[in-house]
Amino acid sequence: MDRRTQGAVILSLLIIVSVAPGVVSTSGTSIQAADPTVLDSCTVVTEPGSYVLDADIETATAGVCIEIRADDVVFDGQNNLLDGLRPPTQAGLTIGIRVTNATNVTVRNVRLAEWDDGIAFDNSSNGVVSGLVAEETGAAISATNSTNVSVGESSLRDGGVAISFDQVRGGEIADVFARNNSISGITLDQSRRVAIRNVTAIANTSFGPMFFRRRPAALGIGISDSRNVTVTGVNVTENIGGVSMTNTTDSEITDCTASRNGFGIRLVRSSDETLDGCTLTENDLGLAVVQSRRVNVTEFTVESNELGIDLFVSENVSVAESTVTDSSRVGLVVERADYNEFRDVTVEGTTAESALDGISAGILLDNATRNEFTNAAVSDNENWAVFAVQGGTNVFEQSVFGTMRFSFRLRNVALDAADAESAPENDPVESVVPLEVAATQPDSVLNVTLREPLGAANETVTSDETETPDSEGDTEAEETTTTESGPDTERETTDTSNG
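With our numbering as the guide, the letters of the sequence shown map in order to residues 1 to 499.
Hint data in this document are derived by calculation from the structure and do not stem from the laboratory.
If you're wondering where the values come from, they're calculated on a predicted model, not measured in any experiment.
Wrong hints could be hidden among the right ones.
Pairwise CB distance ranges (calculated) [claimed, not checked]:
no. : residue 1 : residue 2 : range
1   : Asn101    : Asp255    : 36 to 44 Å
2   : Asn296    : Glu353    : 25 to 33 Å
3   : Thr301    : Asp54     : 16 to 24 Å
4   : Asp40     : Glu299    : 41 to 49 Å
Note that the Cβ used here is the ideal one computed from N, Cα and C, for glycine as well.
Using the sequences provided together with the hints, build the complete structure.
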């Protein structure tokens with residue numbers, strides 16, 4: 001065969017491959033004929049190719065209706081229905097479509113109802129689901145011990161779990177609507193490198209009491225024992241719990257909205273997490289960080305929750321550039337939590353409609369030590385701006401209370417901004433320090449550095465007397481003193497009690 005003939009043969013082969021329709025495998029060779037295989041009943045797929053469902057399959061009695069055991073398969077339901085029997089009439093799970101030990105399988109445009117599992121991937125890779133509508137199904141989509149599984153553009157409702165990933169390595173869940181599922185919207189367990197984006201999870205609830213620091217019965221999105229998970233652009237509304245991460249690391253939640261849930265976002269025993277740009281409104285608890293460390297929270301808007309933010313037994317948590325407003329119990333709780341940092345945080349408008357352990361305040365420091373607040377703004381909170389009890393020393397640097405900017409160190413002290421009009425009329429000083437202080441423990445300490453009132457200059461500032469119980473249980477009044485170093489310098493005030 002001369003070179004001209006060889007070139008003609010090669011060119012002909014290239015033309016044939018380029019125009020041949022069908023699915024192409026990863027090797028680049030054609031693996032199917034032009035026309036898809038038409039299915040009208042439950043079956044087992046053992047060959048690569050394209051398959052279409054051309055009619056509904058109703059009240060299927062098979063344990064598994066469509067079983068896919070081949071690589072490089074596309075199953076298109078053409079919006080037809082696979083309807084099972086639930087509860088099943090036989091022992092074992094009923095499954096609408098099962099993909100087992102297969103690679104490059106796509107399932108799209110199908111409706112599923114009344115299965116234990118709608119679509120199940122087991123020990124498979126590169127699976128894709130899109131255009132699924134599932135109702136009254138135990139788990140609409142599940143993937144177990146699989147790699148690179150992607151779910152998109154699906155509506156999953158009125159079942160048990162919308163999507164369940166267990167031991168999945170790599171994948172994406174995007175543009176999914178999960179509503180009214182009794183267990184959870186989306187769950188990830190022992191998985192890594194999974195992205196969840198543009199998901200709406202609404203009214204995934206079940207009966208039973210909800211406790212802030214225990215795993216609830218139903219979640220919008222629940223992630224456990226996983227790492228490198230990203231959650232972005234999600235909306236979780238009216239679930240028992242919004243977004244929960246338990247035993248996770250190196251993960252993030254960004255640009256999310258959580259409203260009218262038992263809690264908006266909760267982290268439990270997690271580390272090295274990033275939370276950014278979320279809005280939490282009208283939840284029982286906005287943000288909970290429990291037994292976690294190295295968590296960075298930035299640009300959060302936490303509004304009209306019972307409790308705004310709760311740090312419990314956590315350390316090295318940073319909350320920055322965030323606002324906590326109109327909480328009905330406490331705005332910010334730091335309980336048994338040490339070495340945390342709060343920067344440019346606003347806590348205002350706590351209404352004290354109810355109390356937490358008998359306390360209502362903008363900021364509650366309960367058995368907390370060495371937490372630092374920088375440039376905090378605390379105002380218009382009923383009862384107390386800051387209530388510290390049973391703890392060590394905490395520091396506020398250049399923080400605004402009412403009309404004054406203070407830097408202070410406190411231990412077991414409650415304080416609040418007072419009205420300037422509360423100064424005695426015959427007081428020879430121009431004004432008093434607009435601050436109310438009370439001891440919460442016998443060893444209370446408050447060291448204060450004052451700056452000028454906001455919007456004013458060159459005013460003399462002093463403070464009221466503070467009553468502090470002594471170690472014998474009596475009350476000892478100590479006068480707070482002020483030293484002034486000049487019109488442009490800070491004025492230092494120190495108030496210490498016994499101990």
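Each hint tested on the structure:
no.: 1; hint: Asn101 <-> Asp255: 36 to 44 Å; in the structure: holds, 37 Å
no.: 2; hint: Asn296 <-> Glu353: 25 to 33 Å; in the structure: holds, 31 Å
no.: 3; hint: Thr301 <-> Asp54: 16 to 24 Å; in the structure: violated, 50 Å
no.: 4; hint: Asp40 <-> Glu299: 41 to 49 Å; in the structure: violated, 54 Å
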